[in-house]
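Since the structure of chain P is already known, use the hints to place chain V on it.
First to last, the protein sequences are chains P and V. Just so we're aligned, residue 4 is where the first sequence starts under the numbering used here, counting upward by one. Just so we're aligned, residue 4 is where the second sequence starts under the numbering used here, counting upward by one.
If you are wondering where the hints come from, they were derived from the structure by calculation, not from laboratory data. There are no misleading hints in this set.
Identical copies look the same in the list; a pair holds intra-copy or inter-copy alike.
Cross-link-like lysine-lysine pairs, in silico, BS3-like; alpha carbons within 30 Å at most: (1) K419 - K281; (2) K26 - K177; (3) K26 - K205; (4) K419 - K220; (5) K220 - K205.
2 protein chains.
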Amino acid sequence: MLDETRDEGAVAAMMADVGRRAKAASRPLAIADAAQKRDALLGMADALVEATGEILAANALDMQNAGEGGMSASFRDRLVLDEERVRAMADGIRAIADLPDPVGEVIASWVRPNGLAIERVRTPLGVIGVIYESRPNVTADAGALCLKAGNAVILRGGSDSINSSTAIHACLVKGLTRAGLPADAIQIVPTTDRAAVGEMLKGLEGTIDVIVPRGGKSLVARVQAEARVPVFAHLEGICHVYVDASADLDMAKSIVVNAKMRRTSVCGAAETLLVDHKAAGTHLVPLVDALRQAGCEIRGSAAVVDMVPDIGRAVEADWSSEYNDAIISVMLVDGVAGAIDHIARYSSNHTEAVVAEDAQVVERFFNEVDSAILLHNASTQFADGGEFGMGAEIGIATGKMHARGPVGVEQLTSFKYRVRGSGQTRP
Amino acid sequence: MLDETRDEGAVAAMMADVGRRAKAASRPLAIADAAQKRDALLGMADALVEATGEILAANALDMQNAGEGGMSASFRDRLVLDEERVRAMADGIRAIADLPDPVGEVIASWVRPNGLAIERVRTPLGVIGVIYESRPNVTADAGALCLKAGNAVILRGGSDSINSSTAIHACLVKGLTRAGLPADAIQIVPTTDRAAVGEMLKGLEGTIDVIVPRGGKSLVARVQAEARVPVFAHLEGICHVYVDASADLDMAKSIVVNAKMRRTSVCGAAETLLVDHKAAGTHLVPLVDALRQAGCEIRGSAAVVDMVPDIGRAVEADWSSEYNDAIISVMLVDGVAGAIDHIARYSSNHTEAVVAEDAQVVERFFNEVDSAILLHNASTQFADGGEFGMGAEIGIATGKMHARGPVGVEQLTSFKYRVRGSGQTRP
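Same shape as in the complex, but just chain P:
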């Protein structure tokens, strides 16, 4: 372990080696059969449970280094592990082990008039770089997901969790080697030097096929600004709920409260409530009251403030804020067209919901809003790979290239064409 290496050349050389080893491991991994990968994953889960003591000791060291007294509650919650969390990590890996193996799946097949039989077949992407912050469980989740899809992975977690991540990583490697897969299939960056991230963003001499940033806004922004390799964009979730005049009010109340308050820290949490101005007299006050009763702070537009007593006034920045907290901005809009325009301007294209009984309103919202996930009469908090039935996910992609929405094992694959002939030449 190199700590805070100051010599950039040394970091670059070390990271180039990490890249070469990942690339070398990716070839046998790409052709490993489903049973072998499953064995490796089950072995990782067992190893995690067996090593619970070591993992918790490493985590205690991280907590101590971070200065337990001074850290915020949310930071502490991200970093801290206990026996139950280690067991949850192991269970998560077992669930990934039991997913269908995506590699080799025939996605489409057809025969040409000249007899050529064409198949489009899923393949691994190759080498994935995952850059994340201080949640040690991402080490296990991301390592397992990438492996299931036949990819080698280079994990770069936050320096605050380096001891926890290293202990978890050792368990992943045990699972790999016990199943006869290369240890280099899952590597953890062996330094906390930030220059290592820069090297990953440059692609490690062409060895990294895609970077997945998983973390807060500033991490994702740095990755998107600096990366010279493809990135699965994971922007923040500035999610909207639009309540149409045709909405059932009780349904709207329960959806809005759930979308905002079930968990305020998830990317699928709603940040802005848009209410049809035609329903201002009937729906606005009850919706705001329901949110307030649930403990939510309200920041209204001028028109909303005029109609609802005792709420704060939203400023321009509120419409593009991901609060990660029990705060919501509220605006009256001119029907579904007004909602569509507001969302086009302020959304991060993650998830938006429409609550309406008018089918034409729903159709228009579904056609014209350009976000990864659109929901009708359901909470935005369903924006989750597990809830979609896609299994574990590495995040929700807000870009439009390759993966959009939940990024699970299927989204961590590419494909190739296999064409079978009987001597065909092209005229």
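Frame of chain P, contents of chain V only:
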């Protein structure tokens, strides 16, 4: 039209405006119905035929500016237009008009145990930047393909073809406006200043969703090195044919000659012949003779030179050369494993063929070679969207992200999720 603008700020401002207009056009375009896009495309085709005189006059000016006397035959062939080529462009657009509209297609749908009905639906990508060289017909092809998929497009052709491309572009705009679609849906960069390409590669203030480079190695290399937005990678085609000892010799001869010689300038042309050393005594000389009779120059490895008289010796650079000419490199390899290793080292991951009767050899080749297109007992020259039954294409992608292999209208789309509920909230 600004020519050779020297003020970089002016180019940046002009290009930012191009980007904003494309972005603005992309919204109505994304929700335009299939019939309207089809009308626009048919209108473009008619306008091209009607304007044949103007287009040929503009092309004559380009030819004159390029100095007709001094240009190479291949450059001339790329740049020159005649009545038949204009008609072919129009016919190409009509064929695109008749393709199924990809936008709104439900790619997958399923229902969750809680009753949420999930659909994955094709959407446009948004704004596509196409950077190409001196083939004026790309203006028509790329403009029409992007429009069919509901995308706005910014076209940047080579400066040598600027007058031809501008005349063709005017016809595309006629088709758009006659059908009631925004003229800005297909824009041509209004300057030949190379700084405009740099601005496009920076993404025009976030307005460009993806860049498609279409041209030679140096153009693609510049785009890949400088682009700050996603790129559909189109590397050169260093395509291989592997002839196994189990191959039918006559079939192998006809496939090898076709793969190399049918058209030597296409990206699917073979550049290297790999022959199983177990078949050196039976297959090597007849294969080389067939190629020589077809007019091909042979560059052999040391072992090949020892066995075949009167051929040149390949140097290291030959194994990674796209000749675009009647030249082939030939090597003996240690069976399919040797072929796989050679291809992993030298291929551009475009297209490779195996000629073999042994099913295990084919299976191994199909599993272990990581290129976009793999063919068994068929010519590499089938690497083409039309031959795949996918309609017109903008190129063959060699990257693994989003699009791989032929990039047709479907590959120029993204998708979103539409989820229909009845009041579901997440527990």
